[in-house]
Every structure is written in structure tokens, then in C-alpha cells.
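Number of protein chains: 2
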Amino acid sequence: MRCEVVAIGTELLLGQIIDTNSSWIGEQLAMHGIDSFYQTKVGDNHARIVATIRQALERSEAVICCGGLGPTQDDITRDAIAEIMGVELEFHSDVAEHIRDIFASRGRAMPENNLRQAMVPAGASVIPDQPGTAPGLVCPVGDKVIYAVPGVPYEMHQMMQATILPDLTRRAGFTRVIRSRVLRTWGHSESRLAELLAGRIDELDAIGNPTLAFLASGIEGLKVRITAAGDDEAGAMRLIAEEEPRVRALLGDTVFGIDQQTMESVVLDLLRERGLTLAVAEVTSGGIAAMRLSALDPLGEVFRGGIVPTAGAVRTSLLGVPAEILGTFEAAKTLARAVQRAFGADIGIATTGQHDLGDVSGAAQTYLGLAIGEELAVERVRLPGDRERVRQFSVISALNALRLHLLG
Amino acid sequence: MRCEVVAIGTELLLGQIIDTNSSWIGEQLAMHGIDSFYQTKVGDNHARIVATIRQALERSEAVICCGGLGPTQDDITRDAIAEIMGVELEFHSDVAEHIRDIFASRGRAMPENNLRQAMVPAGASVIPDQPGTAPGLVCPVGDKVIYAVPGVPYEMHQMMQATILPDLTRRAGFTRVIRSRVLRTWGHSESRLAELLAGRIDELDAIGNPTLAFLASGIEGLKVRITAAGDDEAGAMRLIAEEEPRVRALLGDTVFGIDQQTMESVVLDLLRERGLTLAVAEVTSGGIAAMRLSALDPLGEVFRGGIVPTAGAVRTSLLGVPAEILGTFEAAKTLARAVQRAFGADIGIATTGQHDLGDVSGAAQTYLGLAIGEELAVERVRLPGDRERVRQFSVISALNALRLHLLG
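Residue numbers (the working numbering), protein chains in the order written: chain A, 1 to 408; chain B, 1 to 408.
Check before you lean on any hint, since a few could be wrong.
Said to hold, decoys possible - Cβ pair distances, simulated, as ranges:
{"hint": "1", "chain 1": "A", "residue 1": "Ile-325", "chain 2": "B", "residue 2": "Arg-200", "range": "56 to 62 Å"}
{"hint": "2", "chain 1": "A", "residue 1": "Leu-215", "chain 2": "B", "residue 2": "Glu-112", "range": "55 to 61 Å"}
{"hint": "3", "chain 1": "A", "residue 1": "Glu-273", "chain 2": "B", "residue 2": "Leu-407", "range": "46 to 52 Å"}
To be verified - From the structure, some residues in chain A lie toward chain B, with a derived Cβ separation under 7 Å:
{"hint": "4", "residue": "Leu-14"}
{"hint": "5", "residue": "Thr-20"}
{"hint": "6", "residue": "Ala-30"}
{"hint": "7", "residue": "Gln-39"}
{"hint": "8", "residue": "Ser-294"}
{"hint": "9", "residue": "Leu-296"}
{"hint": "10", "residue": "Leu-299"}
{"hint": "11", "residue": "Ile-307"}
{"hint": "12", "residue": "Thr-310"}
{"hint": "13", "residue": "Ala-311"}
{"hint": "14", "residue": "Phe-343"}
Stated by the list, open to error - Simulated coverage check for chain A against chain B, where a stretch passes if three residues somewhere in it have a Cβ under 8 Å from a Cβ of chain B:
{"hint": "15", "segment": "44–55"}
{"hint": "16", "segment": "312–321"}
{"hint": "17", "segment": "350–358"}
In case anyone wonders, no lab produced these hints; they're calculated from the structure.
Each residue gets a CB set at the ideal place from its N, CA and C atoms; glycine is no exception.
So here's chain A without its partners, still in its complex pose:
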């Protein structure tokens, strides 16, 4: 089963919008065992859209068209698909009603233009789940199929998950349900992770189900994805539940979370469970930890807040770090303790180091201070990359150090 993606919109070709939809769809197709060999971007031009979809339909059994379902004259995906199907567009009054309701719920009248969105190629069906004004379409062409989804990511995601992926797997003759879980890790290099998992990956390759895959995720650590097929959802989830502890045993405490969890969400959950509060003093990280923690805990129930003492003199006057030890191991201790006390928190974290004094060489040391109750610890790390990466890494490293401490 092959499925191509066609992203439609002149703004994509002009680089005004980056096409993240095709990447997301590609990831979902791969996870569901559907091959995808080409992805094409084409502008809002009828002849070129028709030619592109036709070619995709020659090479593959299914095509997902993304975008061009809006209410304006530029939105011509519906017309192009009708031409390929050799049919006319028909007015669907129930779709029109739905769009009218969406406008009404926002206290607005529906502009006449939006009626274009209720035009559907004859023989196509409307995807039941319609979060926005653009309906998704399933358009049979012989024994092949064209799907049309809007370019608004969350609308597209819902339609993919509720309708298109199940329809594709059914067409592919896959009677099995595919589910996956991502284990998020921090602390191993990609090659070390590969080494640790190589044996298990070989074993699973021999069995064929479940499977393991690696995914890099930028500065947020490495991901290991367990994908399982089952006769039903429960069967797939059972396989994942059986595999997960095996993988965790190989990776140890580098696994900090699963799926959508982040380092800060995990740390905040651990603190909340234990009834502990946190404050941060960020020299190296310059506010990144506060930004991430406050996004998830905006009322400060666990994260009481932070201080960003960028100027050395502020560290001395407000937090009592003697001028002669700025940027050192001892300064990390002093900062962690000072912010813990000033914010009345159970735990204080500090990021400081040689970068803070202007040393941006690869050899520069970063010190991560942890004040936990009466205890005081400093982790000394050498973080790779340019200054922005060092700032980001210092936050994840410091939160991870706290996580490991809380887990004992």
C-alpha cells in the first residue's frame, strides 16, 4: 500500500508558510506501515494541481491532499478532484448548515463565500469529524482513493486519526490495529543508545511485532518508539505494555517520560506528588527554565518562580554571591541556596558557569546547583554547542539532575 502526500498552496512554494503537515502525515503513514515515496508541493493552479494528483494516483493507491479547502477563489482543491473523478460538484446542505452553526456559535453570520466549502464532488463522502469550516473528503477513483483535508493542522490531525488512517489500513488489508508509545530519554548519545538496544532490536526484527525505532528530537533528548500491531486496541496495547519494561531495563533511568511528556512536566508531577515546591536561579539559562516551568504551572502551585541575575553585580547584591567566585562551582551552591530561601521553596536550582563570564569555548564548564532541603549538591557538566544550545542543555540537565535525585 502506497500513499503520497500533495500539499496545495502557493504560499508553501513562496516559503511564506513551512509545510509541517506533510512531515506529520509522513510520520503517521510510516507508523501505520503505509509506504510513502513522494511528497509534492504545488501552488493554487488548477492544471498543475490536477496533473500532480493524477501522477500521484498513477504511482500510488492513495493520495492525501492537504490544503486548498478554504472559502476563497484560491481554494480549488475540490474542483481539481472533481475533474480527476470526472464528476460535478454538488451542494451538501448539511455541510452548509454545519458551517452556519460554527459561525453562529462565534456570534457571526456566515459570509456567502463559505458556501463554496459545502460543494462536494459527486460520489465523494464527507469526513464526519469536522472541527472547522472545511469538510474533509474521501473521494474514490476506481479502486484508488483521494483524501482531501484542510491545511489547519489540528483539523487535519483529527481527520487523519479518526477517518483516514483507519480507512488506509483497512484498504491495505491490515486487519490489525497499530499503536505506539514513545519513551523519552536523556543522557545517552545516539550511538550508545543504539548499542544498548541492538540485541533487542535484532530479537524483535526476527519476531516482527512489536518493533523499536529511534527518533532524534533536537535538544530534547532521544526518543525510542515501541510500535505494536494487535487484533484490537487492547491487543496492541498489551504488547506495548509487555515490551516497555524490557526496554526500560536496558535504558535504566535515562527514560524520563513517555509520549507527550517533557522534562519539566515530569519534574513538576514528581514535585506535586511529593508536595514539594521549586525555585530557580538562572544565570547560564537566562530564564528558559522559568519560561518552561511557568507555562505548565502558571499559578505557581509547585513552581514558585525564578530569578535571572544576568549582571554579576545583581548576583552579588541580591543573592550574596561574592564577586570573586562568580561563575564557579561555589557560586552554583550559593545561588541554589539563596533562591530556595528567597522564594520560600523546598528546592532551589541554579545554572551558572564559565559562560557567564564570557567564555564561550567548548571547554567551558557549567555548574548546576541543587539545594534540596538542607542538602546541597552541584553537578559539573561540559555542554556542547553554541551559546543557545548550552542555555537549553543547562535547563534540561538541571531538571534531569533534580528528577534523578527525587527518584533516589
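Given chain A, work out where chain B should sit, using these hints.
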């Protein structure tokens, strides 16, 4: 003149990497007056790469291939282009020497694999500018051309700017040099901006050079791009210099910067010129202002630092905001003054509001406090969007309020 983009790499189809290169190239082509009607992603498969480039070359006069120039067995762009040209790959000892030097400069020996990168299709020329180990290629095919550039963005950017864009414009018969300047604005809606500029856009359309275009840029405001063609660089820049004041006169003080400038870079420059220092108290924005300002001024010469008093009790104990006025207009004043004093800064900024107490409705007010010397002002704004957008908007709005104040 038409030019297509072919992005090569299975990881792009699998969604492991988002293809931002094609978007960037598309933007550059548009700016230089080169039409681009299709962009295709294809995996690391010889037959499919050859078929994709061949088709692109039938439809267009030029093709830019991005990626697949690395040292591994998966990197087969060179081989695919050689097949299309009907030639063999030849070893270029000068390229090999250059790669060897790059490794030597990092204190490492060149792995044998990297010699693959010195293989060049016969008749192709190597792009002189080679920042990494992958050389870019210019490969003539009859009177058409295939360019190959590495997928590493900064390497690709350099080759595009130094070699490919000039070569394309020369082939297109454009004897004129294209230059542009982006004016960055904050404060007008897109429709208001369109209204203000409509007359001037019509006038310029009649003349044809320079031209004006709008670009949205997410939460960072709207951009207006002036693009000019001249007989030489000086001629193009002269047209831009003549047009810029006209556009600025229409837009007034909503223009906060040009090109790569950001709101925080502009504010830091203004403060530096005037010898003033800044501190921030961020309840609503939770550290975003500190993060952005510290990224540009990591040693705290202008930005002395900030405090993120997420918990209400911290605002009371550390900054003297009475519990009964948390999240109010008066609290913004108190916070701005308190952080100004605590950090010994000339100016204190504060973000606070009804969100801080858990009100996330669209009607929630945000208060931006400004303490400038002895003066004290508060701007009251209603910011649109979800909490994360409100956080981001509050920072840009507060910095913009300070910018306008500094400019009188």
C-alpha cells in the same frame, strides 16, 4: 525562467526532519523573480531520485537538489545526477584535499568514507564556496542545469547566495540585481496595514520597481518587504533607500526594525545608546522576556536581569505587592518599581494581569508596567489567543511600549 526544488532524503518522508530548506529556497527564488511551480520530496532511492529530477527538468529550466551529498551509502544524489547527465563520476583531488583540511582543523583524521564526497559527475563544476565537507555542484544538462547543495541549512544558504541565485538570474537573462529590505512592524492588524499601503502598492504596481509585499511572521508582528531591481547593487539599494521613508511615513512608529532585527534587539540597542539599564518582573510572561533579552546580552551589560514571581505569595514577600491587588493595574506599577529598585536598573518593566489569577478568558486584561527613572506608567491591553500567545504577546507589547517611550 522556472526552477524546481527537489529535497532528497528518506528522513524527510518519514517526518523525522521537517523540510525547511525548500521553503527558504522558494522564498529566495520568488524574491529574484524566478518562477517555482513544484517542490518534491523523495527518499534515498536511486530510481526514484532519477525519475523525480528528470521530470523536474522536463517542466523547468533549472532544478535545485537539496540533500544526499553526505559521505554514507545513503547519499546518492551525485550518482543520480551523473546518470541523468549520462556521465561517470570523477575523483576531484582538490575537493578531497579540502575535506581532509576540514577534518584536520578539528584535530581529526578524515574517514575513508568522506572520499565519496570528492566524486563529481564529469562535466559538472564544484561550487567554490564550500563551508562543510559536502561540495555543491553545478551540473549542466543541455541548456538546462541541475544544482546540488547539501541539506545543512547554513552550507546551503551560502551556496545559494554566492553562486546559484546569481547563476539563475544570469541564465534568466536578468541583467539586473535584486535587493530587498524588510520593515518589521508591531501594532497594526493585517487588514489595517493593507489599507494604509494600498495606495502606494497601486502606484508601485504601475511603475513595476520597486515592489511592496506583506509577510505575516507569526506572533512577531507583520513584515513589509521592499524589493528593488537595479543595474547594480548600488542602484537597487538606492531605490530601496528612496522607498523606505515613504513606507515608513505611511506606517508611522509601528515600524520597529528592519531585516534581522527583533523587538528585543532594537530595545537593547536603544538602551545601550542612551546608557540605560533594564530589569523585568514577569508574571504573565513567566520568563520569556528574560530569556530573549539575556540571549542577546548574556553578560548583563544593559539587561541586568529579571524575576519571575509565579506564586502570588512571592510577589507579596519579595516585591511588596499586597495580596489584595495581585493581578491588577496597581500591581503592575508596584512590580515595575520593585524590580527596578531591586536590580539597581534605570528602567523596570512588569507583566501581570487577570491571567495570573487563572482567568484565561478572552476578556482578561493584561497590565504592562513601566518604571522609567521616577516616572511610572501602566499600559492596559487585552491580548488575543491562548495562554501561550498571551505570554508571548505580553513581552512584545511591553518591549514595544518601552521602545515608544524611549523614542519620545
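Hints, one by one, checked against the model:
For the hinted restraint 56 to 62 Å between Ile-325(A) and Arg-200(B), the CB-CB distance of approximately 59 Å keeps it satisfied. Take Leu-215(A) and Glu-112(B): their Cβ atoms lie about 29 Å apart, and the range 55 to 61 Å is violated. A C-beta distance of roughly 50 Å is found between Glu-273(A) and Leu-407(B), which places it inside the suggested range of 46 to 52 Å. The criterion of a C-beta within 7 Å of any C-beta in chain B is met by Leu-14(A), whose closest approach is roughly 5 Å, and the hint holds.
Residue-level restraint check for Thr-20(A) holds (minimum Cβ-Cβ distance to chain B is 6 Å; threshold 7 Å). For the restraint placing Ala-30(A) at the interface with chain B, the shortest Cβ-Cβ distance is roughly 5 Å, inside the 7 Å limit, so the hint holds. The restraint placing Gln-39(A) at the interface with chain B holds, with a minimum CB-CB distance near 4 Å, inside the 7 Å limit. Annotation: interface hint on Ser-294(A) holds; nearest CB of chain B at approximately 3 Å, less than 7 Å.
Hint status for Leu-296(A) relative to chain B: violated, with the closest Cβ pair at about 10 Å, above 7 Å. With a cut of 7 Å, the hint placing Leu-299(A) at the interface with chain B holds, because the nearest CB-to-CB distance is about 6 Å. Taken as an interface hint, Ile-307(A) checks out: its beta carbon lies about 5 Å from the nearest beta carbon of chain B, inside 7 Å. Because the beta carbon of Thr-310(A) sits about 3 Å from the nearest beta carbon in chain B, less than 7 Å, this interface hint is met.
Of the supplied interface hints, the one on Ala-311(A) holds, with its beta-carbon coming within about 3 Å of a beta-carbon of chain B, less than 7 Å. Using the Cβ-Cβ criterion of 7 Å, the hint placing Phe-343(A) at the interface with chain B is satisfied: the shortest such distance is roughly 5 Å. Counting residues of the segment 44–55 of chain A whose beta carbon lies closer than 8 Å to any beta carbon of chain B gives 3, which reaches the threshold of three, so the coverage claim holds. Here's how the segment 312–321 of chain A fares: 5 of its residues keep a CB closer than 8 Å to some CB of chain B, so the rule of at least three is met and the hint holds.
Here's how the segment 350–358 of chain A fares: 4 of its residues keep a CB closer than 8 Å to some CB of chain B, so the rule of at least three is met and the hint holds.
Hint violations for this structure: numbers 2 and 9, all remaining hints satisfied.
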